[in-house]
Amino acid sequence: MHTLLDALRFIGHNGALPSDPAAPTLLHLTLQMLWISGVGIAISLAVGLPIGAWLGHLRRFSFVAINTSNIGRALPSLAVLAIGDAILGLGLTVTEVALVILAAPIVLTNAYVGIADVDPEIVDAARGMGMSGWRILWRVEVPLALPLLFAGIRTAAVYVVATATIASLAGYNGGLGYIISDEQSYHLSGVLGAAICVAALALVVDGALALVQRALTPRGLRLERDLRGEDVDALVPVTAISPS
Amino acid sequence: MPAPDTARPEGSSGFAPAAPLELQRVTKRYPGQAAPAISELSLEVPAGEVCVLVGPSGSGKTTAMRLINRMIEPTSGDILLGGRSVLERRPDELRREIGYVIQQIGLFPHQTIGENIATVPHLLGWDKARIAHRRDELLELVGLDPEEMRDRYPAQLSGGQRQRVGVARALAADPPLMLMDEPFGAIDPINRERLQDEFLRLQATVRKTVVFVTHDIDEAIKMGDRIAILREGGVLAQYAPPAELLSRPADDFVAQFVGADRGLKRLALTTLADVELIQPNGLAPSGRRVPLRSTVRDALSMILTAGGKPLTVVDDEDRVAGLVTLELVGGLLGTEADRGSDGAGGSDGGPA
Amino acid sequence: MSVLAPAGVVIPTFGGAPSSYACERANRLFCPDWVSKNWSSVLWPALRQHVLLCVVAVAIGFVISFALALLAYRRRAVERPVILISGILYTIPSLALFEILVPFKPLGLSDRTAEVALVSYTLLILFRNIVTGLREVPDEVREAARGMGMTDRQCLWRVELPLALPSIIAGVRIATVTVVALATVASYICDQGLGVPILAAIQDGVFKTELIAAGGLAVALALCADGLLVLLQRALTPWARAR
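Chains as they are written, first to last, in our numbering: chain P, 1 to 244; chain C, 1001 to 1352; chain U, 2001 to 2243.
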């Protein structure tokens, strides 16, 4: 309890460190985290969504598409970051590469499963009406696959925030992990304060994406899901159920 | 093919082979809806008979059926099976005494055919040997090879085969009552007819009390010993054997539901063997030949194809039994129509 | 535990006499000699601890999720709050969650803290998959089961749960793989698991062999566990392959 109050005080002081006035402020480090995560998420989406969606539309290479995420999930982020450090030295670029390697498979797999699982009869009907492949993807499959797409996006986004925190354990000098990994200087209260900020950041990122999901989901689908009693906009991330 | 067990007076499960069923002013009202789904429905099904519930959609026929095994609870009224009220029993115990066949069949995908069939005997605690014996007996009864089928999974069977397994499963514990909800509805017409015929053959052997729901009046006429026509709101419009239904529909609704061709439908109920044929009286038999066991309706169709000329009726050994003509057939219908007193539709077939 | 990237190359010392192996001194990517030399003192204990951490976490997580899922299956109202709470726990980055739990008295810097955090990561996945698996059972199968006279409990254990198995095991697979990866970070607050050699390898200057060996073991462990679970699923669901 005592530590918790100290942690809150730490946050209130913007992470000021009496022993080192030149230390970066909490706000600065948080914004830095946001930046690192943002870039990482953006690249992961840019890589994972198109590939996953197109493969899903074609309904091919399912083994690869589904198992990349298994491998991605199995890789301990800490190890990947450290290996990046070992081979190339840990700068911003390498960190971002590591983040994308870990997060893109999640986006890809969920996009694949989401699009491929769209009722084939609906796709058939669309094709029969003369829609081209691209149009079917964009106007039919994507809207119907939105929940799983966003499940992947949100899970990946949170994962990026988490991994960015760990990056400092592997040697990267920035973000809130800077505080968390330096208990000697910041003591438990500081570490706890930074941890709380990380948790809050992750929840905010997820919440923001949930709002985006709600905004993008067509009204008709929201109504249908509501009537069926399903979680209309899941407040928290959902993971793709990997088929056997 | 007929199984000796089921012909015993007390059935192989200890249940009576068939029990009479009685619905006494059964009503089902759903909260928030103005009109009841079933309204004061009363009917009696004698033991060993097939009662068909038929009507347009919204008539509550499936609801009525599901009230019997308490998948739905009645709002008021009583249902007696073998003289005992079903409302006094524990629902799951009650249902183990009632065979239940639904349209989508609902075989357990994770169990073999054998295990599926053994479900209720298992619930009743039969010993393994008895279950195994009954399982094989039933598979043969529905026309499937036990050796081949008992260890297969439902996914490996065709729709028609699955439906047979569904019926076998319902018969497993030799229940005194069977409920069947559009059991052949999801099957293609050719196999449906085959399954209907086989079920009738089966029923002739096991003689269960059956409540059969369908929306198809032709199926009702074929399968039912008695037919209950329900109108919207579960109101009983008429409850009668097929012949009576066709010749004396109770009102316009029934007449319309039965169809403008009910005259023809009636002809399908009789075979040439039951009709007094015209004797050739020494004249050489002429015209096409038609078997004695054909229905009058089929004979009529052949007469029309032959341009209205008479046909020679022959028995199985090809001996001439008589002649059948257009006038003879018309006379059959006319006789019955005169006996009836209603004007609904009449014999010229105009719907009310 | 300040970890900052050192400037220039540092020859790792790893708490012993300077190494006599050229491979280690040059800090090349992977030295098999180091691995064989240090297997029983460093890698094997870490692996054992890691397996134990993960098995306990998934087991406890499964028991809790299963109980909650059965409850939510009967009472829909339970589902939302459970998903909300487990979802929030899942969203909090692992390192942060470990740190947040440390101050609590009974926990502190121990494997108990790690277990609590790891268990909370499994809850969302397992709960969702068990509930979804049960809900996906075709309506007509349930109707037939009830119509034949099964009680609710008989229907659950004999029909619904067996049919939900594929979804349940899929959830266990995801949870297991996730936990194996997350447990590497757990060594930050508790001195167990494959994270220990990983963090040690980073500490004075990245020792690549130890890093790759320990990291590689973690990946191998996750994939093995996943593969075993797939085999388990095949064994438990013979009907899924019958065509």
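Keep in mind that a hint or two might mislead.
Label pairs and their computed distance ranges (CB to CB) [unchecked claim]:
| no. | chain 1 | residue 1 | chain 2 | residue 2 | range |
| --- | --- | --- | --- | --- | --- |
| 1 | C | GLU1088 | P | GLY128 | 52 to 62 Å |
| 2 | C | ALA1204 | P | SER132 | 33 to 43 Å |
| 3 | P | GLY128 | U | LEU2223 | 52 to 62 Å |
| 4 | P | ALA46 | U | ARG2234 | 31 to 41 Å |
| 5 | P | GLY128 | C | LEU1200 | 49 to 59 Å |
| 6 | U | THR2151 | C | ALA1204 | 32 to 42 Å |
Which residues of chain P face chain U? A few of them, derived with a C-beta cut under 8 Å, are [stated by the list, open to error]:
| no. | residue |
| --- | --- |
| 7 | LEU5 |
| 8 | ALA23 |
| 9 | THR68 |
Example chain U residues on the side facing chain P (calculated, C-beta under 7 Å, incomplete) [unchecked claim]:
| no. | residue |
| --- | --- |
| 10 | LEU2089 |
| 11 | THR2091 |
| 12 | ALA2096 |
| 13 | VAL2177 |
| 14 | ALA2181 |
| 15 | VAL2219 |
Hints in this document: simulated from the structure, not taken from any laboratory.
For every residue, glycine included, the Cβ atom is placed at its ideal position computed from N, Cα and C.
Structure-based check of each hint:
no. : hint                              : in the structure
1   : C:GLU1088 x P:GLY128: 52 to 62 Å  : holds, 56 Å
2   : C:ALA1204 x P:SER132: 33 to 43 Å  : violated, 60 Å
3   : P:GLY128 x U:LEU2223: 52 to 62 Å  : violated, 43 Å
4   : P:ALA46 x U:ARG2234: 31 to 41 Å   : holds, 37 Å
5   : P:GLY128 x C:LEU1200: 49 to 59 Å  : violated, 42 Å
6   : U:THR2151 x C:ALA1204: 32 to 42 Å : holds, 35 Å
7   : LEU5                              : violated, 11 Å
8   : ALA23                             : violated, 12 Å
9   : THR68                             : violated, 13 Å
10  : LEU2089                           : violated, 9 Å
11  : THR2091                           : holds, 5 Å
12  : ALA2096                           : holds, 4 Å
13  : VAL2177                           : holds, 5 Å
14  : ALA2181                           : holds, 4 Å
15  : VAL2219                           : holds, 5 Å
Checked against the numbered hints above, the structure violates hints 2, 3, 5, 7, 8, 9, 10; every other hint is satisfied.
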